[in-house]
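Line order of the protein sequences matches chains A and B. Counting from 0, one number per residue, gives the positions in the first sequence under numbering that gives the first Met the number 0. Counting from 0, one number per residue, gives the positions in the second sequence under numbering that gives the first Met the number 0.
Worth double-checking, as some hints may not be accurate.
One side of the interface only, derived from the structure: several residues of chain A facing chain B at Cβ under 7 Å [to be verified]:
1) N54
2) G55
3) M56
4) E337
5) A341
Okay, the calculated beta carbon distance ranges per label pair [stated by the list, open to error]:
6) A:G188 / B:E286: 25 to 31 Å
7) B:L8 / A:T120: 51 to 57 Å
8) A:D498 / B:F89: 33 to 39 Å
9) A:G188 / B:Q128: 57 to 63 Å
10) A:L118 / B:L172: 34 to 40 Å
11) A:T120 / B:L56: 30 to 36 Å
12) B:L175 / A:E558: 40 to 46 Å
13) B:R219 / A:S481: 46 to 52 Å
14) B:F89 / A:G81: 31 to 37 Å
15) B:L189 / A:W182: 30 to 36 Å
16) A:Q148 / B:L189: 56 to 62 Å
17) B:L172 / A:R573: 51 to 57 Å
18) A:T224 / B:K27: 47 to 53 Å
Calculated Cβ distances over 10 Å to all of chain A for the following chain B residues [as the list claims (entries may be wrong)]:
19) T4
20) G10
21) K27
22) V37
23) L52
24) P64
25) P65
26) K91
27) S121
28) R131
29) N133
30) S249
31) R280
If you are wondering where the hints come from, they were derived from the structure by calculation, not from laboratory data. Note that CB positions come from ideal geometry on N, CA and C, so glycine has one too.
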Amino acid sequence: MDAVSPYHLKPWLAQYGSAVPATLPAPEATSLAAMAGAATTRHAKRTAFTCVLPNGMYGNLSFAQVQAMSDQFAHYLRRVVGLQAGDRVALQMPNCLGYPVALLGVLKAGCVAVNTNPLYTAREMNHQFVDSGAKVVVIVDLFADKLEQALVGTAVKQVVLTKVTDFFPSLVGGIAHAVMKHWNRLVPGHSLQGVHTLPAALHQGTAAAGAVSGTGTGTYTETLTHDSLALLQYTGGTTGVAKGAELTHGNMLWNMAQMRAMAADRIVDGEEVVLTALPLYHIFAFTVNFLCMFDAGARNVLVPSPRPVQNLQRAIENYPITWITGVNTLYNALLNEEWFTAYPPRHLKAAGGGGAAMHHAVVERFEKVTGAPLAEGYGLTECAPVVCFQPLHGLRVKDSIGIPVPSTEVCLLDDAGNPVALGQPGELCVRGPQVMRGYWQRPEATAEVIRNGWLHTGDVAVMTADGTFRIVDRKKDMVLVSGFNVYPNEIEDALAHHDAVMEAAVIGLPDSKTGEAVHAYVVLREELVGKVTEAELLAHCKTLLTGYKVPVRVNFRIELPKTPVGKILRKDLRSEALKKS
Amino acid sequence: MLSETETRLLGVMMMVIMLGMGASLTFKDFAIALRKPVGVLVGLLCQYGLMPLVAFLLAKALALPPAYAVGLILMGCMPGGTTSNIFAYFSKSQLSLSILMTMSSTLLAILMVPLTLAFYSSGIEGQWQVPRANVIQVLFVLLVPTVIGIALRKWNANVGAVIEMVGGLLGVLVILFLVLSWVPRNSQLLMTTGFPVYAASIGLGLTGFTLGYGLSRLLRQDARRSRTIALETGIQNGPLAVLIVLLTFSGTQQQEVLLIPVLYSLFIVLTSSAVTVWFRRITLREELARDAAKIGVLKAA
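Bound conformation, chain B alone (with noise of 0.2 Å):
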């Protein structure tokens, strides 16, 4: 469980974090992007057609309890992750589509996270229930820094561009700082939780990196763009989905609930970073064989 002052510090984190996501982009990457809207439209079908299902399968099959199945669902209903972007360009995928993935499901969130929630979580007991009003309330107090973030670049591209870096960095400190002052508070709890919760938690991420990729190779994106769909529709935002069990659930019941999308969280960065490291390799062959037929020449077909 987290104390209040750490629950205000993290919604006050996540703000800068869409802050900085929002000072990535302009009105005109947006504009351009829906020129060609196949690669994000793919991307959207993976985030909220696919990761919600995956979450409510995966509940049903290991048949976890409402206080678990929630923290899953809401997990797979969650927008993508802005750490998203780093492993994109580690990974050397497609920096702007997992940027435009990023940041077109968090925009629709507000329309498509209730909507899912509802929908997955309507056979949970009542008790157990994420309030619609809880939901989009936080969504939309983060769409105003996110607003405030476009604006910002717009006035002075400086500005933007640090704000962009801090949020990108704030990212990855608010997992760490979420793994490193709840597990050994609670690991106790994580000694006894058994093996459905962990397959729920690690299995969720790698799914959906699988699921993603094989869906986008199905609707014929080219296996670069593949590979950035499948991290960012693996990747969910974590510190979202605690903040909104945080604004939500109290006491014990909060605990067990938010068990889910912490073990995600800290599996996520390991299991991405282990993706990210394998995209890698197959990327730098493909450009070497690029390479390769530079040098050659190559007869057309």
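So that you can see chain A by itself, here it is in the shape it has in the complex (with noise of 0.2 Å):
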């Protein structure tokens, strides 16, 4: 990079102030593993997790339980099951008790833990225990049915069951888990053989450790270093093949650390309430709310499933929630339930936004109705994720990702790899101590995303003089309307300011004329569904839009393709109109 570019300077450290460190030390501890036994010292009677089903039941887990548990875990996963550090474990569940446990006790066993989306089907799942060559599975029982098929061909030698109800109060659990069973029917029947339960597998832990003198989990971590994988997290499935993106225990440690530091003294100590609504195998919600919140002590109220919304209701009535992060479509749907208008959470000191752009109506509403700024974030799970954040001390810009995390640096380069001018738009690209080491084992796939030493994200932004930056639109969905860029989040926010649209979706289609021609899917609010008409759209976007941006059709949708966090799926809005055609 050219030492004069207006990113080699690092405007957006004056923003910082006196409340963020412009660079931060190295983190003390040598592995998540060591993080997370220092923070049982500090807060060990505390809760640590409580899991909220949507009819208010709970289980709760201090940070010594978890602590205890987690050891336990390790020795079985070590001792019993006879992995080796290094060894890979897939994690298959939704946002439940035995979550932190499981993947505490992988990393202090020294393994490598492997997020997996529970609600993939078999081939993907297959896909992912092939590629990751994961040799076990701990998968929640209620998508065990899928579990036969999918390890075909794999090196999983063992199973380990979950219940979402598992470590709840043996009363309310077995209650909640009859009616998920008998009544809703949602727990498959399975044929597989020699399946651990989780509590048993805790049993079977501890009975190893016993047999063994010197039982603690510490000879497992020992060569641990920041350099080690804690973690695949796997990317790009909605893309093409998903790929196994290494992070090490380094780069989970510097981004708790880089995030810890933005949010300032608005997280302090012991103090926190979080809500989780994201699923933890997500890597925003893994970072921020599992690894940083656990770190400061925080009560993380669990919710296994957000889908309906609510299912959220109970979690922020029964907990002085402090904390929220959430994707755009997770906060406008909070916004259009009465009980939390009514009652939104009093406690709250912030939220966090990222996963997908939010969207301005969306952020100025929810610091309305709640009185706690909404700070947007930008990530990427090569980055483990957190790369750009509003600064909750100082100035929000709207609609921007606000400024890079301590101890990071940020680029625009356009494609010829030199930084583009200042309020250019130019690929994003990212160099820090959270950047991760590669895709596991795909050399050419990682060396087409870093090269020179910066991660080229895919993402299109522009800086301001200041240093903020504000993210224009994936490269890939860009529109190009007679020449023109049209980035379709710009024409997403516009339909969004309309009062009678919930949410909308933006893509290009092929036109004779215009090469691309910009098409929008809108969802009305459902008292104003049929009485909104497409000229209406068309006419409000007109108030606020150059005309080549304006969509040339609305269509109306009940609902909008979304991946399991949220995020809207433009490429199969895309396909399904393309195949149409």
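Hey, can you piece these two chains together into the complex? The hints should help.
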């Protein structure tokens, strides 16, 4: 990079003020296992996790319990199953109390966790198990029926089954599980052989550790350093074949520290209650909600499924939530619930948004309703994930992703690899301690994204003079109308400003006259369905957008295709539209 | 006729049911419902405007003797039954509205039941009257566990949720208990009971379903809400009526007044099951239509 480019000067450092240090010292803990141990020592008796079901039933685990149980699971993996350091363990469950136990157990065993989306099809699961070489799968019973097929040709030698209600008080857990199984028929049968349940695995771990002298898990992790692999986090499943991003203990510890620094005094040790509605298998919730908040001694309120969004009602009513993280669709859905707008969480200090662009209108309404700032961040799996965040203590520029987190370099490059001029769009590239080592066993794919030491994100952004970044769009989602670049986010935001619009997605489709044309897909608020016309929305767009950006068609939908974390899948809309024409 | 022990048992069970109902809701749910009270108000209108009138007119039309007429009118004046929530769940109706209607009609019962009961039974001979004090006493005693239920829910969500489920289950068990303990012992009576009594017992629920639906549609509630209100209107709190009768009358008088409330409780399970299956089918069909609309592109009107 050119030494005099605007990015080299890091103009955003001025925005750190006194609240955020420009660079951070290397994290003290040698591994995530050591971090968890230290956090437990500080907060042993506090409640670490509370899992809340839609009817308000809950189960709790304290820091000390999580510590003891994850130790047992580590012993189980090493001494009962016979895993070695560096072996991969796939975790496949929604947010539940078994997750922190299993995840920390894997890390304390010196093994590598492979977060797996429980909604995957058997084929997708199979790909991930084969690619990662996982030897153990910890899976929730709700999806065990797919597993048999998914295990064909994999190295998996042991399956551990969890329940959403594991570690609940026994009567409550028993009733809740019975309702799930016999009433809602959510728990399928399976014919897997030699399966252990998670509680049984913990028993076996305890027994095995008792039989050997020196029962600590320290021996499993003593060789771990910041460079050791902690996580294989699969990504790119929506664009092509899923690749495993190799995230090290160092990547994760650094990103935790960076996130904590950006939150400044809004995360107070031992005082926070964080609502975790996003799945922990997703990297954003994993780093911010799970790791960062665990380290801060926070109580983590886990919701197994945030859909329908009413599932969050009891969790928000019953606990003094101070932090929420979510994606645009989640906040939008919450703001459409009367119970939320009438009684917003009173103790909320801040909310974080990421995963996909937040819409201006949603942020404004959320802040008005709750009185707490909703800061938008930007990140990607390859960066563990946080790269930029709006500063909570300073100026939060609307529609921006804020400024790079400490100890991170960001620059915008053109296709030739040169920095673009200030205010010009360029591909956002990152260098920092949170950037992954590479893609698991895919050197070519790694070389494609990490060039000259910079991770190329594939996102197009612009920077203002004070170092604030704004994402323009995904490089590949850009629509080329008569030679003009149209970025779908801008059009979606314009549509979202119309009162009748609940959600909008915009894509480009081939057009005989303009090359590509802008097509919009809109979900109207329920009470207004059929009462707002295409012409009305187009007229609304014309007041906000230049002619070539205005959609040629507005299609009304009842629902938009989304990923499990709620990102709208533009590519599904496009392929559907292309198939039709 | 029920024995002393059985009466007491019924009383205790009713308390557990009310405890469960209290535990199913929070004060916030109420406050939210009152922000858009139309649905609940329509429900209350059906509950205390429509049902007592239907009972009264049925009694007149079928020329029921005073003992049966009082049983029928009492049945018509009751608040919504807790079993309606289970049927609402199965029929894929709007569960939250159903629970709120049951809850609000129960809380208002202490005011509305004595009022409607006195009004519609004013023409009936004195010895068959249900004293206002008895009604108020029973309802008041039942309010206590309801409030405790709400408090328990607030204190601990796990305890609240378990009590809610136990209460709902007991609601069904109590009706089964009433039917199983009462029917065999009174088979002779059932054989000799004439058509008008059966017509009244079955007709009250069926008319309630029909008119409840009609009135809600008339008051511009959508089809799904109207189905919810219909179920809620038709399903009355049978065990509560039985309890009031047991505490008011004795001997053969008790047995006669008890006939319609017990028969109603028996038949309402059957008729609402049938209605539930039917409603469920309609809801599924509507959902399928919605799904179909999702796939095709809807051109705005």
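Results of checking the hints against the structure:
1. N54: Status holds, d = 5 Å.
2. G55: holds (4 Å)
3. M56: holds (5 Å)
4. E337: Holds: closest Cβ of chain B sits about 6 Å from A:E337, inside 7 Å.
5. A341: holds (6 Å)
6. A:G188 / B:E286: 25 to 31 Å: holds (27 Å)
7. B:L8 / A:T120: 51 to 57 Å: holds (53 Å)
8. A:D498 / B:F89: 33 to 39 Å: Taking Cβ atoms as reference, A:D498 and B:F89 lie about 37 Å apart, which means the hint holds.
9. A:G188 / B:Q128: 57 to 63 Å: For A:G188 and B:Q128 the Cβ distance comes to about 59 Å; the hint holds.
10. A:L118 / B:L172: 34 to 40 Å: holds (38 Å)
11. A:T120 / B:L56: 30 to 36 Å: violated (59 Å)
12. B:L175 / A:E558: 40 to 46 Å: About 42 Å separates the Cβ atoms of B:L175 and A:E558, which means 40 to 46 Å holds.
13. B:R219 / A:S481: 46 to 52 Å: At 49 Å between Cβs, range holds.
14. B:F89 / A:G81: 31 to 37 Å: violated (49 Å)
15. B:L189 / A:W182: 30 to 36 Å: Taking Cβ atoms as reference, B:L189 and A:W182 lie about 34 Å apart, which means the hint holds.
16. A:Q148 / B:L189: 56 to 62 Å: At 57 Å between Cβs, range holds.
17. B:L172 / A:R573: 51 to 57 Å: Holds, at about 55 Å.
18. A:T224 / B:K27: 47 to 53 Å: holds (50 Å)
19. T4: With a cut-off of 10 Å, B:T4 remains clear of chain A, as the shortest Cβ separation is near 29 Å.
20. G10: holds (26 Å)
21. K27: Contrary to the label, B:K27 does not stay out of reach of chain A, its closest Cβ about 6 Å off (not over 10 Å).
22. V37: holds (13 Å)
23. L52: The assertion about B:L52 holds, with a minimum of 33 Å to chain A.
24. P64: At about 44 Å from chain A, B:P64 clears the 10 Å cut-off, so the statement holds.
25. P65: Consistent with the label, B:P65 stays out of reach of chain A, its closest Cβ about 45 Å off (over 10 Å).
26. K91: Check passes; 13 Å lies beyond 10 Å.
27. S121: holds (42 Å)
28. R131: holds (38 Å)
29. N133: holds (36 Å)
30. S249: Given a closest Cβ separation of 40 Å, the condition holds.
31. R280: Given a closest Cβ separation of 19 Å, the condition holds.
Hints 11, 14, 21 from the earlier list are contradicted by this structure; the remaining hints agree with it.
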